[in-house]
Amino acid sequence: MDQTHTDRDALARASAALLVQMRAARPLVQVITNFVSMDIAANVLLAAGAAPAMVHAPEETPDFVRKAAALVINTGTLSAPAAQAMDVATAAARTHGVPWVLDPVGAGGTPFRDTTIANLLRRRPQVIRGNASEIMAVARIAGLTQAAGAPRGPESTHDTDEVAELAQRLARHALCTVAATGAVDFVTDGRRHVRLANGSPLMTRVTALGCGLTGFIGAMLGTGAQAFDATHAALATYAIAGEIAAEISDAPGSFRVAFIDALYRLDEQQIFDRLRCL
Amino acid sequence: MDQTHTDRDALARASAALLVQMRAARPLVQVITNFVSMDIAANVLLAAGAAPAMVHAPEETPDFVRKAAALVINTGTLSAPAAQAMDVATAAARTHGVPWVLDPVGAGGTPFRDTTIANLLRRRPQVIRGNASEIMAVARIAGLTQAAGAPRGPESTHDTDEVAELAQRLARHALCTVAATGAVDFVTDGRRHVRLANGSPLMTRVTALGCGLTGFIGAMLGTGAQAFDATHAALATYAIAGEIAAEISDAPGSFRVAFIDALYRLDEQQIFDRLRCL
Amino acid sequence: MDQTHTDRDALARASAALLVQMRAARPLVQVITNFVSMDIAANVLLAAGAAPAMVHAPEETPDFVRKAAALVINTGTLSAPAAQAMDVATAAARTHGVPWVLDPVGAGGTPFRDTTIANLLRRRPQVIRGNASEIMAVARIAGLTQAAGAPRGPESTHDTDEVAELAQRLARHALCTVAATGAVDFVTDGRRHVRLANGSPLMTRVTALGCGLTGFIGAMLGTGAQAFDATHAALATYAIAGEIAAEISDAPGSFRVAFIDALYRLDEQQIFDRLRCL
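Residue numbers (the numbering used here), protein chains in the order written: chain A, 1 to 278; chain B, 1 to 278; chain C, 1 to 278.
Think of the hints as simulated: they come from the structure by calculation, not from any bench. Be a bit skeptical, because a hint or two may be false.
Where chains are identical, the list cannot tell them apart; a pair therefore holds if satisfied intra-copy or between any two copies.
[To be verified] Below, a list of computed lysine to any residue pairs in the SDA-like style, where the Cα atoms sit at most 20 angstroms apart:
1) K67 - T157
2) K67 - T110
3) K67 - R265
Chain A extracted, bound-state conformation:
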């Protein structure tokens, strides 16, 4: 456990309280995400209680982003126009003080993706959320290691423990919260950290649930919460919804349906009863 939350119960209570607060605020979250995740990311945000808006045109993003409570950027299905849209959006977010979250899908996969991510890092995201290989690759892009994360398409080839130390260095270097998610989720702001152990392996058999998670972090951040708190609350509650869904369904088609239902219905007691920290 980290220094701030001295026990599991405090973390569970904080997560549950932030979920309640987010649902009451219903934050408008602007999402620039990949084409695979458009449907599920919007449905995750609606089920969780936020108001998603997929807006990406450079022509309108500066007008739109200032109305948003948070911005979410995801580098999957990247293209040159998408990279430009992300550049314009993150610049506008900085100008207007809108917090933003980076999901560096496929970091380390190609030079084009790494260059795009390097440019995005300069815009100082409040949170970076990826799998272990992606976080390792981002640390390399930031000049903190020579070791290249070697993702396999969108999938990780590393586990969370391998990247914990590097995630902490990345968080200190980039002055943000870093979350490396997997069977165990590791969240750090460089000073504090938590390891969360809820979830289900079926979550990796439904496409873009990770992209949905990053959107959900954006929703939590849209309440005005600190990045570290928003991130662990989002990760904890999302994984608990996954765990509940896996008790209802054991195959990915019905699991996806059950997951959206569980996220919609998730209450404070479930979070308090189920949260597991390592």
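Given the coordinates of chain A, assemble chains B and C onto it according to the supplied hints.
Using the frame of chain A, we list chains B and C on its own:
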């Protein structure tokens, strides 16, 4: 009630008959829609009994649209290439006499979106379908009011009653049918109007069901029906499918599944038994 | 039956064995597909046991494709940038010896689409998979017939028997395996052929299940299997999953869910018990 349909039963019978006619005709509906709605809009049209075709390239749209029974244009996830695709498609639809429907997603949200919608209005859609804030914004774009609709991303901040009078003026001005949808749906061709009161709040918790509805109006229009009749029939039957789904499911993941099933199975008796007009 | 597989049992055993092999190898499949199918195609591949990666930018495809076990190209929602992405990707696949599959969605629909498909044929796909009208149109594009397939958007207006002879000529001409799918699936490498008769009409009521099937052929091909074997194995197992799903569900919303579940759970015994050849 409007002047033509003197009672609820006549409206229900007309809606049911048009659904049967549409399923028999299986109209080819060309859809240029946003990336969030691609999956659900296609699945809604297939479940309803139409044949959707998502075709948007300016290079092929003029060749394609003349084979279509109707064209549907949706301004979500707008971009400059998408705006150009819409321009080419609506011009071709006009040339070939193909009826078309406008879903002005996010109208009033940014100048870029409003300019695009202003250009589309010049192509004279047969139907405009949006939430109350979007219809208010379209009326402003058309020069009929100073009051700006202030949508919150894709969500309405107004209810249908606030926009009824403006919708009628817009319908007369643009010589089309206007539908403002919400808890109550208001449909008018400037002369007649109906208020429909079926549906479920869960419909707003599944992304892009509104986009799917606009596609469904296109399918009804593809039968050759008059715009006003096609629109109220689509709205009535869609909302009834939503109501049936809400009796099966109380959370958005399973609701989406139940909704598609209900739309597929919807029969004349259900429409007759359930339609509610105000 | 064809010359190699002398009976249904041998075909069933070969299909089941290849599915097991594919799941063990978990091949990375690069998919350039249309926007409608992004979600379902990725979910089909994950459920089947492969690792999908939707990567399309010309800037990164040459770096990415050489890591992939197979490449899948789908011409739905075509655009000039997408055509360029396909050109770059298929060139890189040829250079690196990565097998690739063509799904000529909408072939015969417009000159723009036919030109794009003509260019792709020059890159020598290992497999072409389409509905009967699309395969007929590809044969025309390849100069083998005057008769134009006349698809109705993404839907076929011909049945498999009408195209069997032309599919064999196309396979010989293009030196590849050709699959025309429908109520009966016809697969040929120009020398051998099989007719497969599993499946359910509900598969045509869920959007982009055909696109998902082509992705699944890519996954089977990613094991290193011969194109003809990979194709009939994919078609057989996919249709059997559809058949199982249709025993659970009779409407397209729940059918889609049941189909993904069935594909995930599919085992060798089910394939052996259910495979039907004509």
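Check: Between the shortest in-copy and the shortest cross-copy C-alpha distance, which are at most 20 angstroms for K67 and T110: within, between, both, or neither?
Finding: Cα proximity of K67 and T110: across copies only (11 angstroms, versus 34 angstroms in one copy).
Notebook entry, point to check: Between the shortest in-copy and the shortest cross-copy C-alpha distance, which are at most 20 angstroms for K67 and T157: within, between, both, or neither?
Noted result: between (38 angstroms within a copy, 14 angstroms between copies)
Note to self: Treating 20 angstroms as the Cα threshold, decide for K67 and R265: within, between, both or neither.
What the structure shows: neither (28 angstroms within a copy, 41 angstroms between copies)
Hint compliance for this structure: hint 3 alone is broken.
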